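*Asks:* In case you want the letters, here they are:
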Amino acid sequence: MSRPLEISGLTVSLGGRTVLEDVDLALEPGVVTGLVGPNGAGKTSLIRAALGLVPARLGEVRLAGRALHELTTRERARLAGYLPQSRSSAWAIRGHDLVALGRFAWGGRPFERLAAPERAIVERAIARVDASAYAHRPVTELSGGERARLHLARALAAQAPLLMLDEPASALDPRHQIEAMTLLAEEAASGRAVLVALHDLAAAKRWCGRVVVLDGGKLAADGPPEQALRPEILKSVFGVAEGPGGLIPA
Amino acid sequence: MTPLRLNLVLAALGLLTVVAGTVLGGAVLPPGEALAGLVFMGGEEARIIAQEIRLPRALAAFLIGGALGLSGAALQGLLRNPLADPGVLGVSAMSALGAVIAIYFNLAVISVWMTPGLAVLFALAATALLYALGAGHATTTQLVLVGVGLSSFAGALTALLMNLAPNPFTLSDLVNWLMGSVANRSFADIGFAAPFWLAGLVMVLCAGPGLRALTLGEEGAATAGANVPRVRGLVIAGAALLTGASVAVAGAIGFVGIVAPHLVRPFVRHDAGDLLIPSALAAGAVLALADLVIRLLPFTIELKLGVAAALVGAPAFIWIAARSRGIGA
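Going down the list, the protein sequences come from chains A and B. Under my numbering, the first residue of the first sequence carries the number 1, and numbering increases by one thereafter. Under my numbering, the first residue of the second sequence carries the number 251, and numbering increases by one thereafter.
Keep in mind that the hints are not guaranteed to be accurate.
What the hints assert, rightly or not - Pairwise CB distance ranges (calculated):
| hint | chain 1 | residue 1 | chain 2 | residue 2 | range |
| --- | --- | --- | --- | --- | --- |
| 1 | A | G16 | B | S422 | 52 to 58 Å |
| 2 | B | T252 | A | T140 | 20 to 26 Å |
| 3 | A | G245 | B | I570 | 39 to 45 Å |
| 4 | B | G441 | A | H69 | 23 to 29 Å |
In case anyone wonders, no lab produced these hints; they're calculated from the structure. The structure presented is a predicted model; accordingly, all values stated were derived computationally and were not measured. C-beta: ideal position from N, C-alpha, C; glycine also.
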């Protein structure tokens, strides 16, 4: 069976600068893979290239075995769910209409006109991020963290075999950070592949079954967290070391 | 309120304004006789005044309002900006320039369709230019900036033609056109615009679900599964047809395309797709009502519809602008 995401020899240039160079990455179902690296290492570019939002100069991206350029926008959306870093909404739509956009590739209707099974998916996603209490309110009246949870629910509602999230825990309070990461573990347990870009190395260690380290657009390490985040990598890539109370500058 | 019920209410309101525009106003014919004339039950004179003079005028006001309201709602959805309308993208200004060229060179001698034809053609040229300059990868901010440039350029050329007008009659024709009016419009005028309006309506409605997804921004919409280039093409071309045909019939009438969607938005849960039809109906009713009001005003010289629309619409525009947060963000 083909894997949810297969990237081979991916090179991406933005404005003449090479942001990703010869990256190979294949994701297996059932695993939460953490994508870490210093600022500008290419984490966001990797996710965006995997979705076709930035063109690949070299190399290839396959979703569920099919090359990205063979897929229509709708097919791609059904194969890959995405939570971008920016969690904006142009209009004061209500929370459940925002989450219903996660089902856009299956119809494109607003929440109140969804068919019953679709509506159940949306409501369940809202309940899972603990947003039922405010999902009826306009998103523009919510706090940043509340909005972030609704956007996470939108990504979950897509129910795609591949789920890619860019810093899903930022803007969340500690309890909801833990809950968000638990949700991702549940998603993986239900047979999805999850790729999550993280700044927090401790969170990567705690929640991810596999960690991919990017440095200057190249793969620096890839493996189980203890191995990928071993002291040499921490020092050479991040310039930090394990100290007694946490990470310290190396 | 469900979209269907809202649409029915607004459609009834629109019908009411058109009937009122046909029946009311003018000392010549009492409302009762005008109504009788409208439904073939009065004398021949009443029938001609109601059916052939007032009805096409009221209907033109309603349809032009509808076309501009629909363009405005669609462009606002595309640009994710409550202040967008055909004016912002330079489509109205270019379209008016086309009409002004036809008037200036007296092209009506060649064919009565030259003025309307050039108005539609220039609206389409404006959007084709927007598309060519963008070449498919322009952000909406770039589109807006190109629109500002187009507006200024078309405005400069229009002013140049007025500057060089050979006689006061030509100048007066140009000024009258630019002020915008539906007085003395016939069913023939409406008939010419109808195919363009219809095509524009279909294109814009096809873009409806995509506009809903664009609430998430262009990348958000694309990753949700919307074909953003297709939505952009449908909205820009559809708005050009709607606007060009409207300018062809009535000259430049601004602000209806901004105000109507703003009034309707809370009733459709701020859904950019569900906003389209109610915006068209509301704008139609507003413009038909505005035209009725200027007919009833006791001035010796009738106020132009475009002037009246700007007198009410411009302050509303400023109010919306002052209240909206993060415009262009």
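*Asks:* For each hint, tell me whether it holds in the structure or not.
*Replies:* Hints versus structure:
In this structure the supplied range 52 to 58 Å holds for G16 of chain A paired with S422 of chain B, their Cβ-Cβ distance being about 57 Å. Taking the beta carbon of each, T252 of chain B and T140 of chain A are about 23 Å apart, inside 20 to 26 Å as hinted. Checked against the hint of 39 to 45 Å, the C-beta distance between G245 of chain A and I570 of chain B comes to roughly 53 Å, which is inconsistent with it. Range check, G441 of chain B to H69 of chain A: about 46 Å between beta-carbon atoms, so the 23 to 29 Å window is missed.
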